[in-house]
Amino acid sequence: MKAGVYIHVPFCAVKCPYCDFYAESYTKQAMEQYVHAVCRNVQALPEHLPADTVYFGGGTPSLLPINAICSIMEAIQNRCDLSPDAEITLEANPLTMTAEKMKGWLCAGVNRLSVGMQSFRKTVLQQLGRRHTPEQAEAAVLLAHEIGFQNISIDLMFGLSAQTEEIWQKDLEKAISLPISHISSYMLKIEENTPFFTKSPDLSDDDAYAERYLQMHQFLTENGFFHYEISNFAKKGYESRHNCKYWRCAPYYGIGPAAHSCYGGKRYAVPRDLSDFCSRPLQTMHVTEPAAGTESERLMLGMRLAEGVTLSDLPQIGSAVLQQAEPFIPRFLLHQKDRLCMTPDGWLVSNALLVQLMMDGERAEVHDDT
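Mapping of the sequence shown onto the working numbering: position 292 corresponds to residue 618, and the numbering continues sequentially without gaps.
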């Protein structure tokens with residue numbers, strides 16, 4: 327199975343009040359030191375690493391100048407055996423999506439954009455602390471498509487009490503009118519160590535959240551988007567290949583402060599410290615999970631996907647999981663031949679459902695390992 331390469335770009339012009347991803351203020355000096363450090367660490371990847379996805383996440387990768395993206399991509403192409411049809415994604419803020427930059431990204435090999443849209447309503451964007459307007463975001467997507475990007479994803483966020491059924495419906499209708507192939511839609515969560523944790527906007531209650539989620543599922547699936555993962559919709563053939571590696575426990579190598587990796591049966595994390603990352607010959611990597619890819623983990627991640635899991639691929643816990651699943655079929659779970667998956671109603675309560683599914687399975691797995 328080919329690997330993915332993740333590059334964490336830890337810079338933001340202004341950090342959003344709901345975001346707990348690691349990011350620092352952008353300066354030219356810090357950026358240059360960071361790019362040199364990334365390229366050093368790319369050279370430490372396994373030689374001729376077979377890879378078919380690259381993902382620039384952040385932070386705000388679109389803040390980087392064109393030559394920085396080119397340098398990092400050149401280093402990856404020189405070190406890895408990158409597939410000719412590799413998916414190369416860059417997360418972009420609408421305010422930094424200039425024509426010059428986007429042409430440069432295409433030349434560097436970027437072929438997929440993930441645009442932080444969040445909402446098409448000005449008041450919602452203001453509540454979320456976003457600085458762009460709906461018009462700027464829409465114009466950025468249209469320009470990206472005109473320049474040549476055929477694979478564009480947008481992020482939408484819901485969970486504010488102000489997002490009524492009517493407002494959310496208009497957002498969804500506007501989204502599908504754009505030349506996009508993928509939508510990631512997340513509920514606003516209040517994280518510790520963010521400004522919203524101290525003072526948050528008014529949030530939807532559980533019933534309203536469920537209504538907006540199922541409204542989104544029905545509308546997007548009726549309009550050509552496949553609900554392939556709990557928070558992601560795509561037109562046929564445009565699923566995020568990189569993110570699917572996370573959910574299928576495929577290998578991926580992360581570079582940059584706060585980046586994560588999974589390979590060789592272990593999970594790793596880089597400290598959330600830009601100065602430390604830039605000052606070391608190679609990034610520090612702490613083992614966060616010494617036994618990645620256990621059957622319980624594969625169940626937990628696989629059930630995020632519409633395809634679910636193949637129970638025969640879980641020989642230690644599969645029978646126990648199916649037994650636990652019976653009371654939840656067919657409203658929350660579907661069992662077809664050897665496959666178990668969640669319904670949209672199941673995804674709404676996925677955390678509680680997974681606890682039930684793994685209740686006996688984890689004991690069976692531990693017993694088998696002893």
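A portion of the hints provided could be inaccurate.
[Claimed, not checked] Quick list of in silico lysine-lysine cross-link-like pairs, PhoX-like style, CA-CA up to 25 Å: (1) Lys592 - Lys663; (2) Lys496 - Lys592; (3) Lys341 - Lys448; (4) Lys500 - Lys592; (5) Lys448 - Lys515; (6) Lys496 - Lys427.
[To be verified] DEER-style ranges, computed between Cβ atoms: (7) Arg574 - Ser645: 41 to 51 Å; (8) Glu492 - Lys354: 41 to 51 Å; (9) Glu400 - Glu548: 35 to 45 Å; (10) Phe552 - Ala465: 41 to 51 Å.
These are computed hints drawn from the structure, not numbers from a lab. Treat the numbers as computed from the prediction; the structure is a model and nothing was measured. In this text, a Cβ means the ideal position worked out from N, Cα and C, and glycines have one as well.
Verification of the hints:
1. Lys592 - Lys663: violated, 31 Å
2. Lys496 - Lys592: With Cα atoms ~44 Å apart, lysine 496 and lysine 592 exceed 25 Å; violated.
3. Lys341 - Lys448: holds, 18 Å
4. Lys500 - Lys592: Given that 25 Å is the threshold and the Cα spacing comes to 42 Å, the pair is violated.
5. Lys448 - Lys515: holds, 20 Å
6. Lys496 - Lys427: With a Cα-Cα distance of about 30 Å, the restraint between lysine 496 and lysine 427 is violated, given a limit of 25 Å.
7. Arg574 - Ser645: 41 to 51 Å: Violated, since arginine 574 and serine 645 (Cβ atoms, about 22 Å apart) do not stay within the stated range.
8. Glu492 - Lys354: 41 to 51 Å: holds, 45 Å
9. Glu400 - Glu548: 35 to 45 Å: holds, 43 Å
10. Phe552 - Ala465: 41 to 51 Å: Cβ of phenylalanine 552 to Cβ of alanine 465: about 27 Å, so the range 41 to 51 Å is violated.
When the structure is compared with the earlier hints, violations turn up for hints 1, 2, 4, 6, 7 and 10 and for no others.
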